[in-house]
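Based on the sequences and whatever the hints tell you, model everything.
Each step along the sequence shown adds one to the number in the working numbering, with nothing skipped, and position 237 is 237.
Just so you know, these hints were derived from the structure itself, not from any lab. Values in this document were obtained by computation on a predicted structure and should not be read as measured data. Just so you know, nobody snuck in bad clues.
Taking CB as the label site, the calculated pair distances span:
no., residue 1, residue 2, range
1, 244, 52, 39 to 49 Å
2, 100, 44, 16 to 26 Å
3, 44, 201, 37 to 47 Å
4, 73, 23, 36 to 46 Å
5, 241, 101, 28 to 38 Å
6, 120, 244, 32 to 42 Å
7, 168, 85, 22 to 32 Å
8, 201, 48, 39 to 49 Å
9, 100, 120, 18 to 28 Å
10, 73, 143, 33 to 43 Å
Calculated lysine to any residue pairs in the SDA-like style (CA-CA distance at most 20 Å, straight line):
no., residue 1, residue 2
11, 39, 118
12, 39, 60
13, 39, 68
A virtual CB, placed ideally from N, CA and C, is assigned to each residue, including glycine.
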Amino acid sequence: MSAAPVASMVEPGVPVVEPVETRVDGVLLDVDDTLVDTKGAFATALTAVAVEHLPHVPVEDYPRLLAHWRSDPGGHYRRYTRGETDHATQRRLRADLLHRTFGGRPVTEHSFADWDALFWGTFERSWRPFDDSRPVLDALRAAGVAVGVVTNAATELQERKLRAAGLADLPVLVGVDTLGYGKPHPDVFVEGARLLGTDAARTAYVGDEPDVDARAAHEAGLVGVWLDRPGARRDGEHDVDVAAMRDAGIVVVPGLADLPGALGL
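This is how it looks when you write it as structure tokens:
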């Protein structure tokens, strides 16, 4: 299927997307910061934590708390996605590192329960979809494309998150608990395509992380799509070259509304 040129631009003369040449029969999507505004939910949760546990941190430094949490400088969440630790332990260690980094008291196994009740409770109450999430799912299905989720979080957690965001009709096909490890391992993407019922080469994977999502999916034989929302990059991603990503075969879109056109649908 041929695709019309995409009209939107990042800057004059620079197209946002180049439609793929291969027909895509399936689209797998990430959840966090792709369909659900997890960054916003974390910001709300960390504000509650700062007010209660880090009162000496000025409000103007709250974005630094968020950047620290999202970038996972201790690598604790990455160890969780490799199956090397459990979800609660990685969160406690990240909480402790956050406190130590910003001059707070250590978060111990004893104090973590109260800390996590505030953090996680606020986080769950703050789950919201992006405005473009529902429209793109409807557009993909209308084009005859199968859709599903592959995620680096537990399946049950992501199902609850999607329900809270009004996206419960989107099946979570692969979570970190499905194979015992997560992205960027190629098995995760291939298993997602298998469960979706589409050939990997004719399946796109859409996520907000350039390496863990888009590049890893591309290397696994899928169509890798990097969702590069303005202002959403984590620490360590700010210097990623969009042109170089495209030259490497990665599709780059600034929003989900651009996805159908980028996939030639």
